[in-house]
Amino acid sequence: GENVEQHPSTLSVQEGDSAVIKCTYSDSASNYFPWYKQELGKRPQLIIDIRSNVGEKKDQRIAVTLNKTAKHFSLHITETQPEDSAVYFCAAGLSSGGSYIPTFGRGTSLIVHP
Amino acid sequence: SAVISQKPSRDICQRGTSLTIQCQVDSQVTMMFWYRQQPGQSLTLIATANQGSEATYESGFVIDKFPISRPNLTFSTLTVSNMSPEDSSIYLCSVEGVAETNTGELFFGEGSRLTVL
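Heads up: the protein sequence lines correspond to chains P and E, in order.
Here the numbering used here is used: the first residue of the first sequence is 737, the next is one more, and so on.
Here the numbering used here is used: the first residue of the second sequence is 322, the next is one more, and so on.
Read the hints as simulated data drawn from the structure, not as lab findings.
Wrong hints could be hidden among the right ones.
[Claimed, not checked] Cβ pair distances, simulated, as ranges:
# : chain 1 : residue 1 : chain 2 : residue 2 : range
1 : P       : E792      : E       : P360      : 33 to 39 angstroms
2 : E       : G373      : P       : D763      : 27 to 33 angstroms
3 : E       : S380      : P       : E751      : 27 to 33 angstroms
Only a predicted model underlies this, so the values are computations on that prediction, with no experimental measurement involved.
C-beta atoms are modelled at their ideal positions from N, C-alpha and C, and glycine is treated no differently.
Based on the sequences and whatever the hints tell you, model everything.
Below you can see the structure in the form of structure tokens.
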């Protein structure tokens, strides 16, 4: 089955700095790579995703890059703000038109200091 | 999108007892997923629940410990049986996006935080 590794486990930055979280996956068949944000005491929510036919996707301050050859993908947050503080989970899996059951990384706790 | 209501939101339970968690979705979905999130840990899939058939359990999870019901396309329950302190965790119900073209996005309930004494 799929195995997803996520690093770092904790990331502390100053407000305005950039933050990068990296994930690697093992199954070359995986084709959908979402990122979820979970604020303290809240449910996880999708913030951005990328499919294997795209190398990069951007949405305002967040972007995701995918390297299929190396089987890794990264989340980039620019101009971080205190409200970006949360746990971020990457996931990987095969989306084939039926249901998608991803494997999640262990999560990265991002702390943005004002 | 999908709106998911889950209850209870939290409970404190005694060792050896069982607790049933309910999950209600505002639209009909084929599959519902139950996840466990232990403190500071990732999301681990317990089982996938299809309406009208037995749930499919992931490695390390068994039906006797986590029986699941799926009586219709909008509702499911997860029971945590014969609880021990190791079962203290957040349990999350989840569904895939219900748009005409499934995107793969998962929607989660707010979770049920169980503490077993």
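Given the hint of 33 to 39 angstroms, is the C-beta distance from E792(P) to P360(E) inside that range or not? holds, 34 angstroms
Is the distance from the Cβ of G373(E) to the Cβ of D763(P) consistent with 27 to 33 angstroms? Given range 27 to 33 angstroms: holds, Cβ gap about 30 angstroms.
Honestly, do S380(E) and E751(P) meet the 27 to 33 angstroms range at C-beta? violated, 42 angstroms
In this structure, only the earlier hint numbered 3 is contradicted, and the remaining ones agree with it.
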